[in-house]
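Since the structure of chain A is provided, determine the placement of chain B on it from the hints.
There are 2 protein chains.
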Amino acid sequence: MVRRKTFPRNLVVGVDLGGTKILSAVFDPQMRILAREKKSTKAQVGPEGVVSRIAECVQESLAVAAVPHSAIKAVGIGVPGLVDAAKGMVRIAPNLGWHNFPLAKKLTHKLAIPVTLVNDVQGGTMAVNMAGAGRKRNDFVCMFIGTGIGGGLVINGQLYRAPGGMAGEIGHMVVVASGGPKCGCGNRGCLEAVASRTAIVRRVVAEMESGGKSVVRDLCDGDAKRIRSRILAQAYREGDDLVREAVHEACHYIGLGAANLINILNPEAVILGGGLIEALGPRMLPRIEKAARAHVISPTADRVRILDSGLGDDAGIIGAAIAAGCVGKK
Amino acid sequence: MVRRKTFPRNLVVGVDLGGTKILSAVFDPQMRILAREKKSTKAQVGPEGVVSRIAECVQESLAVAAVPHSAIKAVGIGVPGLVDAAKGMVRIAPNLGWHNFPLAKKLTHKLAIPVTLVNDVQGGTMAVNMAGAGRKRNDFVCMFIGTGIGGGLVINGQLYRAPGGMAGEIGHMVVVASGGPKCGCGNRGCLEAVASRTAIVRRVVAEMESGGKSVVRDLCDGDAKRIRSRILAQAYREGDDLVREAVHEACHYIGLGAANLINILNPEAVILGGGLIEALGPRMLPRIEKAARAHVISPTADRVRILDSGLGDDAGIIGAAIAAGCVGKK
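Heads up: the sequence lines are chains A and B, in that order. My numbering runs 19 ahead of the 1-based position in the first sequence. My numbering runs 19 ahead of the 1-based position in the second sequence.
Isolated chain A, as found in the complex (with noise of 0.2 Å):
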């Protein structure tokens, strides 16, 4: 008779649901990555499809870390949109086209483990303050750089929801309020309409439009859609004047975002995290310090640190794992 190794029931998984991938990790009680796997979302297919895309997923993480369904407690997903964790519903998520849909009920029917939701953004700040660069500071804001630009708020050595529990949503902070670019929430001269991976895009885009050259064009096969981060990057790093000058601008305007940050709440960092700074960061980082220290006002902000998250892509899935541990202490 062979003998199977038992799992004590402490292992948790951690699932960033994002528009385009869905990542799932399995997670040991010391916060050590066991395994991961990953899938594209194709959204396009609705949410009982992506429920059962996220379910083979994290079925496929527990086979490579070869632990048995039983040992998992509870599985927390990180959603990019706004959530209502206490009835485990999604209530709204444009990249995802969701609508008041109950995730958490459909995907523990599914799976069997308890589910816990969390809003993507608020989850990365609990992952930066639990096992990044915010782990011995107690005030800091974190700034996710991407598709949009997200925000976190860690006071007191807590994020900081707020009554409303939406606190962070420094995209659509106004830092061009007059004749800014069109924003996707209708107003104008969002941070987000001016910094964001999206906006960058744009500009390349115009630009190219406008008969601008630029190694993009072939970098992507003549496909706008295709842009992202990594194609910037590799722009970028040969040289492309058109994208090198948008990164630039965008990182000025991401400076002076963190600036605003820094007068307002005076924190100890400033902490940057998402796609474009996980593609870029090295070569943005200097360059939103310059533009922040240039706006920053108040004498003692002057030693609030700029900083990297240093967990890269794993933000998304250390945090929805931090708030499926939370599920397990009650």
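In short, the hints are calculated from the structure, not lab data. Honestly, I wouldn't trust all of these hints.
Copies of the same chain look alike in the list, so a pair counts if it works inside one copy or between any two.
DSS-like mimics (lysine-lysine), calculated; alpha carbons at most 30 Å apart, straight line [said to hold, decoys possible]:
1. K106 - K155
2. K129 - K57
3. K201 - K309
4. K129 - K309
5. K124 - K57
What follows is chain B alone, placed relative to chain A:
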């Protein structure tokens, strides 16, 4: 023999030290005002001279209240600048022209009563929190609109000072990043540069100089330095187009700044105070609220209230008295 009424040593004096006037008030333990006095600051006499004027103002308020010196346990001073409360030092007070002045020590020496310093805006925020529109709220932002624009954050029921002690420099949040007017801090497009009383006066004066007609010219006897909030309020009430347009523009930017704070902090309320709001609050608040709601993104932020502090000119003395009370508790 005349029997003198005896007083327990449980009263405090709150002093609002401004660039133009000193306000002093005597408070009982229930934070009721027993008497108040007012004196011009005459900052040009220098810090030692101003200390004498503060001491006189305090003594006069005691005389009006008919309470003996021995009944006062502490004096609090709200200072328009950067304060080191632990050392009783005024680090920088631009409106007074002070640098590293040991105000607490000097005044304690003159009055023989313990003196506590507090930044005027932080004191005002404590006043709103304990005695004003923030009384029953745990998470809100104060915006004080006057010569400059200052702010205070209340988080979980407490004034949030941040690690550097300087949270709330909302006046230097950049809102007009491209081509905004120059601010006193050296940057361009700060909220203070487009929405303070100073910014309104600058616009009105510039338009009068280029031929614009305004009743302000008569109200200030041709001396632009005399244009304060009261004159603006009178011109506004008289229907002066030039002043109305300038005030409305400021309301737009104050609302936009409020929306940025709401998007970042998701508070229960944004509470407005300061000289300009005291003079023109009922005219300004609806416009500020309209602009704020137009720029608020998160659905739960729709519940946020935009309110007058309810304290008028007393925010400063109340805040200083609260700071003095804290000394008493030690």
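Hint numbers contradicted by this structure: 4
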